[in-house]
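Visitor: Since each chain comes alone in its own frame, lean on the hints to assemble the complex.
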Amino acid sequence: MSDWYKDAVFYEVHVKAFYDADGNGVGDFAGLTEKLDYIRDLGVDCLWILPMYPSPLKDDGYDIADFYGIHPSYGMVADFQKFMDAAHDRGLRVIADLVMNHTSDQHPWFQAARADRASPYRDYYVWSDTDQRYRDARIIFTDTEKSNWSWDPVAQQYYWHRFFSHQPDLNYDNPAVKAAMLDVMRFWLDRGLDGFRCDAVPYLIEREGTNGENLPETHAILREFRAVVEREYGGSRVLLAEANQWPEDVRPYFGDGDEFHMAFHFPLMPRLYMGIRREDRLPITDIFTHTPAIPPACQWCLFLRNHDELTLEMVTNEERDYMYFAYATDPQMKLNLGIRRRLAPLLDNDRRRIELLNCLLLTLPGSPIIYYGDEIGMGDNVHLGDRNGVRTPMQWSDDRNAGFSTAEPTQLYLPVITDPVYNYQAVNVAAQDKLPSSLLNTTRKLVAARKRSAVFGRGTIEFLRPRNQSVLAYLRRWREDAVLVVANLSSRPQPVELDLAAHEGMVPIEMLGDTRFPVIGREPYFLALGPHDFYWFRLQGRVARPVRYGIEESAI
Amino acid sequence: MGRPEPPEAVRAAVDRLAPVDLAVGLLTYNNAETMGGVLDAVTAGVARHFPGTRTALIAADAGSSDDTRERVGGTALPAVVLRYEAPAGERVAVPFHGVPGRGAALRSTFDLAQRLGAKALVLLEADAVSVTPEWLERLAAPVLDGKADFVAPAYARHRWEGTISRLLLSPLVRALYGRRLQQPFGGQQALSARLIEHLLIHPKWSWTGGDVHDLWITGTAIADGFSVWEAALGRHLVRSRTRATDLPAMLAQTLGAAFTVMERHGDLWLEVRGSEPIPIVGEPASLGVDPMTVDVDGMLEAFRLGVRDLTPIWELVLAPETLADVLTLESGGHMQFPDDLWARVVYDFALGHHYSVVHRDHLLRSLTPLYLGRTAALVAATRALGAAASQAELDLVGAAFERQKPYLVEHWR
Numbered sequence: 001m002s003d004w005y006k007d008a009v010f011y012e013v014h015v016k017a018f019y020d021a022d023g024n025g026v027g028d029f030a031g032l033t034e035k036l037d038y039i040r041d042l043g044v045d046c047l048w049i050l051p052m053y054p055s056p057l058k059d060d061g062y063d064i065a066d067f068y069g070i071h072p073s074y075g076m077v078a079d080f081q082k083f084m085d086a087a088h089d090r091g092l093r094v095i096a097d098l099v100m101n102h103t104s105d106q107h108p109w110f111q112a113a114r115a116d117r118a119s120p121y122r123d124y125y126v127w128s129d130t131d132q133r134y135r136d137a138r139i140i141f142t143d144t145e146k147s148n149w150s151w152d153p154v155a156q157q158y159y160w161h162r163f164f165s166h167q168p169d170l171n172y173d174n175p176a177v178k179a180a181m182l183d184v185m186r187f188w189l190d191r192g193l194d195g196f197r198c199d200a201v202p203y204l205i206e207r208e209g210t211n212g213e214n215l216p217e218t219h220a221i222l223r224e225f226r227a228v229v230e231r232e233y234g235g236s237r238v239l240l241a242e243a244n245q246w247p248e249d250v251r252p253y254f255g256d257g258d259e260f261h262m263a264f265h266f267p268l269m270p271r272l273y274m275g276i277r278r279e280d281r282l283p284i285t286d287i288f289t290h291t292p293a294i295p296p297a298c299q300w301c302l303f304l305r306n307h308d309e310l311t312l313e314m315v316t317n318e319e320r321d322y323m324y325f326a327y328a329t330d331p332q333m334k335l336n337l338g339i340r341r342r343l344a345p346l347l348d349n350d351r352r353r354i355e356l357l358n359c360l361l362l363t364l365p366g367s368p369i370i371y372y373g374d375e376i377g378m379g380d381n382v383h384l385g386d387r388n389g390v391r392t393p394m395q396w397s398d399d400r401n402a403g404f405s406t407a408e409p410t411q412l413y414l415p416v417i418t419d420p421v422y423n424y425q426a427v428n429v430a431a432q433d434k435l436p437s438s439l440l441n442t443t444r445k446l447v448a449a450r451k452r453s454a455v456f457g458r459g460t461i462e463f464l465r466p467r468n469q470s471v472l473a474y475l476r477r478w479r480e481d482a483v484l485v486v487a488n489l490s491s492r493p494q495p496v497e498l499d500l501a502a503h504e505g506m507v508p509i510e511m512l513g514d515t516r517f518p519v520i521g522r523e524p525y526f527l528a529l530g531p532h533d534f535y536w537f538r539l540q541g542r543v544a545r546p547v548r549y550g551i552e553e554s555a556i
Numbered sequence: 001m002g003r004p005e006p007p008e009a010v011r012a013a014v015d016r017l018a019p020v021d022l023a024v025g026l027l028t029y030n031n032a033e034t035m036g037g038v039l040d041a042v043t044a045g046v047a048r049h050f051p052g053t054r055t056a057l058i059a060a061d062a063g064s065s066d067d068t069r070e071r072v073g074g075t076a077l078p079a080v081v082l083r084y085e086a087p088a089g090e091r092v093a094v095p096f097h098g099v100p101g102r103g104a105a106l107r108s109t110f111d112l113a114q115r116l117g118a119k120a121l122v123l124l125e126a127d128a129v130s131v132t133p134e135w136l137e138r139l140a141a142p143v144l145d146g147k148a149d150f151v152a153p154a155y156a157r158h159r160w161e162g163t164i165s166r167l168l169l170s171p172l173v174r175a176l177y178g179r180r181l182q183q184p185f186g187g188q189q190a191l192s193a194r195l196i197e198h199l200l201i202h203p204k205w206s207w208t209g210g211d212v213h214d215l216w217i218t219g220t221a222i223a224d225g226f227s228v229w230e231a232a233l234g235r236h237l238v239r240s241r242t243r244a245t246d247l248p249a250m251l252a253q254t255l256g257a258a259f260t261v262m263e264r265h266g267d268l269w270l271e272v273r274g275s276e277p278i279p280i281v282g283e284p285a286s287l288g289v290d291p292m293t294v295d296v297d298g299m300l301e302a303f304r305l306g307v308r309d310l311t312p313i314w315e316l317v318l319a320p321e322t323l324a325d326v327l328t329l330e331s332g333g334h335m336q337f338p339d340d341l342w343a344r345v346v347y348d349f350a351l352g353h354h355y356s357v358v359h360r361d362h363l364l365r366s367l368t369p370l371y372l373g374r375t376a377a378l379v380a381a382t383r384a385l386g387a388a389a390s391q392a393e394l395d396l397v398g399a400a401f402e403r404q405k406p407y408l409v410e411h412w413r
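Which chain is which? The protein sequence lines are A and B, in order.
Under this note's numbering, the letters of the first sequence match residues 1 to 556, in that order.
Under this note's numbering, the letters of the second sequence match residues 1 to 413, in that order.
Keep in mind that the hints were calculated from the coordinates and are not lab data.
None of the hints are false.
Stretch by stretch, here's where chain A covers chain B in the computed footprint (C-beta under 8 Å, at least three residues): (1) 156–168; (2) 240–251; (3) 295–302.
Computed list of lysine to aspartate or glutamate pairs in EDC-like fashion (alpha-carbon distance at most 20 Å, straight line): (4) A:Lys35 with A:Asp79; (5) A:Lys434 with A:Asp41; (6) A:Lys451 with A:Glu480; (7) B:Lys147 with B:Glu276; (8) A:Lys35 with A:Asp399; (9) A:Lys445 with A:Asp350; (10) A:Lys35 with A:Asp22; (11) A:Lys451 with B:Asp309; (12) A:Lys451 with B:Glu315; (13) A:Lys445 with A:Asp41; (14) A:Lys82 with A:Glu34; (15) A:Lys434 with B:Glu315; (16) A:Lys445 with B:Glu315; (17) A:Lys58 with A:Glu145; (18) A:Lys445 with B:Asp309.
In this text, a Cβ means the ideal position worked out from N, Cα and C, and glycines have one as well.
Next up, chain B with everything else stripped away, as it sits in the complex (with noise of 0.2 Å):
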């Protein structure tokens, strides 16, 4: 695939700026009212714990209809900001990330962080609004240190946040890759310059996919040999009018972006076996246990719907024995999911759409009641729990996924 060339302003500004050694990549889509508190935070970071490194900001907007790229122009650190097109099959969606054409945005920015000659790039989301100095440290430095090649986020959150995260899409990722990465979709990572190298230049890159971009990255990375680590970071606070915040689309977009990534990296992880820890750097925050409202017999009663009405399609994705259990899970009102079962019900998923034997989005949209029976029971099976036990029984689930692998590959083939 042939690299196109940015537009001659831009050009321009990349050739007057590098070389740089710190570039912080900021995909935007109508985040004017977040940006400034993003920008301070870049800022600040660079101030205090790069002080002497040259660094650029890139910008790279989807369109935005309010004041998000004047924003970025006032800031003091030089910027390079490129407007693009995002698939027309793209702007019309809602992404769970908040920004259209995402792909596009990520190979645009990984070439201009490449021709500023940045050792590290940063990337950042443009409506987050809990960014601090620190993030950037965090993030650049293991790169800037030549540790990491790719640094992904490791959040502080509640037990009962980030449930798509810590019963799908880190267990899949722990089971297919062998390595326990917190955050798959984590949205600030950090690139080293040699990554961004292989990443522009390799041939399974497509631009095409919607979303799954972001896992094909990390999956590359870890599968490739690239030395992947986290960084703490503390809280995730993101004020967005622009991210889709109901569960069926969320789940669609997000595993079946982890599903895809399957189709095109099945000759990395069906060789893989268990697991390792990923280096962290800052302090990794134990799970939140305060009070949290959960809406846990809403979910479970969306999971008797589910038993109702999506049998037919259940019936045709899952193993007949794995059906069984699942439609005998709630016994009087009460909900356990056992890690096993949760690990065969979303291998069947991932064969189904492999196999397609359901139309790809009616299939995800279907696991919509299990993954909230899966929350309800997370939530029933912690409440009464600490947080090293609670941590404890989310580790429990990326075991599981591990141990049913044998049977996602013995199908897969």
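One chain only, chain A, in its complex shape (with noise of 0.2 Å):
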């Protein structure tokens, strides 16, 4: 099916982070091909795999130094092409992060361009005499950087970076830039790789007088690079926008079916957090009235975690104080604009929070995306710098290392967590696998429920407007099926009377027991729920009479 990802559940994962087979303290292919049958238990469809290029690692591997190549740490490409073979033959797809705005300044091609202003490199990134231009454009890592623009001592001249100084921005402009980031893609694509996660995809133009963000130049090149991906692969490749901004300014990149096949939502994920936080369905609903329709064939991608901090770029300055206040505690936690936690942490590992926020995860119109860990409820250790506290070694057992390597525990390229709470011996694979209660079980379980609907991947929402402002109640529909869900936002059991009667003779059946509720009548449908309860009801049509076959008079 070529729309494929509408249905899909994905899981990022950091290559270095999930399993080092080679016992040198980083994770690498041949781990994370051992790995594989776990990942596709979880009821996984597609992976997402963080940068795997070579890099000087200044930023986790979004600073490529060759796109060519496999990170020597993480193995070579032809561990790559197995680990991709062995994904396939478990049914499971994989795409990659591709930076295409920027790449690292020992990327050659800088390396090249600062050394000579007659390269042909030289044109492959934007420079200038004066820091004073493009002055509208926002800076993104306000902790670390003060202007768009550094002095390259060697090139004598300013180079233009949205990100890290040491991430000089390509230039878009010149096509010999375009020509080869496609063959980048093709080299990728000829391997099997399924897709990519586009990074920091606004930025690629640069025009004087503008932010310098979504652009129509960008998005012409964006639907260049779809239409070339299409043509030469055919429909089943998928393009995944990072686009950080709020749901209109995404709009444009899903085209009209021409550009990205998926985007993320990002608004969305700190209002689940507030609405939780709040006890209030507001936030939540409230977003929703700003997310424009998006093309048929495209789909949000929905995450309560990745890789980076919870970025609050995309909320209210007020919001984003009742962020810090709520789920920031220690100003350590803070970086750039946002949170930089794990989801257990930062629901204080309340399984009852963590359950309902992966409901809503897995219910909201979009494909769910799962942070390597997150699953078994890992915790994150702030003092690790950066981003690196939500980085840490994915921990499969009680064993040295969390199980994670077998190398020094010096060696690893991060510590395991061991603080109190999220220790690796209290926190692993192993001993929640065997829990038929645990947290993981419990997520594979919802995972396995979503995909038995299309409802959710596919359908359309409506929600419902209970005088219980704690209670979300949303009803999602696509073709013959309607689901409800009903969640209880608060920490204490809430009532609620949901006005189903345009649902009136339906038999609500809850999806995760198989439980048949009452009938649905005119009256307001009565439900008791516990603290951050939630249900998911396939409504399923009355039978006014037993359903006959013809046989029951004398089936015996």
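Guide: This is the structure in structure tokens:
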């Protein structure tokens, strides 16, 4: 199916963090290959691999020094190929990060560009004799960067960078850059990759007098890329946009169904946390009123956490203050405009709230992405600097190094979590695998339940408006199927009366337990929900009389 | 287990009538509408086929609120009427045979038949509307002649009727006990005095267990070496307001009974190999092949819904390779259900019931879509066939159950 991504559950994983097969302290493709069965059994359809390319790793691989290789710590291209084949053998698809906007300053293109004004690579980057151009463009990494321009003493010019100063922006006004990037894409697609998560796409083009984001010229380039992928690789490869923007600004990245297949819904994520903290559905329902319709073949990507900080760029100042107050009590937890914590610590390791947010992730419109380790409630370490605290080794067991590596603990790329609550002896896959009620197994059940109905990936959403503001209720519909989701955002039990008169005669079947609830009538439908409780009801047409097949009278 | 004494009035009636040669038992519950026809057939049957044979009626009534008991009193045959209390749990259920507390009724009827000194007891359904005088003859004669201890019915049926019996119960009984019985839950039956005595003193006849009694009696009769016959009775038609007619309930009750009896008879069927046909009295009817309206599309849709909604339960019940085969059964709107796969499915459900892998009622009901898929496959496979070929098709099902029995035995222990 060409639009497989609409029904898919994604799993975001960093190669270095998942499993170290060669015992050097860094995860690798051979290790990731060994753990594919685990990912498949979680119910995942597609992996999203963070940057895997050679890099000085000043920005965790988003500073690419060679688009055609694999970082030596992770293996070689041959190891990548084995991994791809093993994933496909298991029915898993794989997409990988592709940083389109910039390279590492160690990339040979940049080195050649800075060394010689006459180099054909000089024009691969954006140079200026002054740092006063494009002044309307905001600075994204406010904690570390004071300007989007940096002086290069070798080149004797300023170069443009929207992110770190060691990440010079590529110059997409140069057709050679577009051609080079298309060749990069072809190289990986030829090796079976199922698509790209395209990093930082709003910033490809700079224009004076603009904020340098979401410019029409940028969209034209992206549509060109999509057309090439479509033409040369058929319709089942997928392009996912990272555009940390408001939904109405992200909407153009779908084009008329001819640009990106998918894009992250950034503003929803902080509002899920706000809704649950305020015990009020308004932040969640409100963001959907600001979410435009997208072309039929396109899809939002939803997530609770990822490898970056919990970004608060797409909230108001008041909302950001509230989020800091609620979720970042220690100033060290803040980074840039966000909070560098994992899912479980953000929610005080409260199982009910973790499951509730997973419920929303899996039932709101879009395809969910699970961040590695969140399925077992891994903790973080805010003392590791930058965003490393949420990128620690996967906790497989209570063995040394959490079963992640046989290396000396000091050799690990980052230390495993050892704090009293989230330490790997307490939080690990092996232990949770054995325990039917563990978060891991509950997550597996939720994912499995989601996959039993196409409404979650494809259906419309209609919010109900019960008087109890702590209860979030919405109806998802796709063709003949309808699923009602009811969630208590409050930490206390809540009653709710739902106006379901339009569905009179239907029978709600609770999807996680296959339990029949009373038939819906004209009167308000009453439900009681425990703290952070939720229901997924499949609405089944009421059978006025028993179904008859013509064999009943004489079946015995 | 002690034998409860019947009420004083019943004992007095028994004393007044005993001894008799033939007892005719009717298990009744609100059957006033059909009782007249049954009683007329019995009276005519006795007059026509057993003149001079001392005969008595035994009516065990589950507490009818209509005129059922009065109808029995109005017959020309001498009668003993016993009113019994069905266990509370069975009073609220709607059984497939229509008689709450059927186990208690059977036991009381057997007890009274023995007290009457009857050489043969014929049991008839009080809601059957196709009873003829010849039913009495064909059921009672093999027993009174000393040839049979247990006579089960064989009905004239359409090829798509009786699918629970033909696709499930009969193949199961054939594989378990080695006898090719057509109607394990036949309704009508006859028992000899020595079989009745054997059953009444049998330590494993439990009063409890809902609907297991008929199958337990049949299985015990076969396994303990009694002579089992069949009687060709022609069409079997009932008119009832008290029988369950929704398939999931019927399946859960009948197959649940079969699986429960497998537990109780575990020492009897595990070693049985092969099967034998059963002697039959009367001319067996060939399968009806006249047009019959069945909703095959509906069955296939139910199967698809089962695949969609019940796979998580089936994953717990079915062996992985069996589940994989089941999930790929339907292709392009056509359903073919290989007999050996069907046997493995039923055996996996028996094992799932044995090991209680899922709540047993859920387990049994979750078989319904599979049964409907198998029935749809039967309809498709026999639609263009004649009676003999259709019968051959059905016989293959039993053979597959026999063939796959080692799988069941291996996993049961």
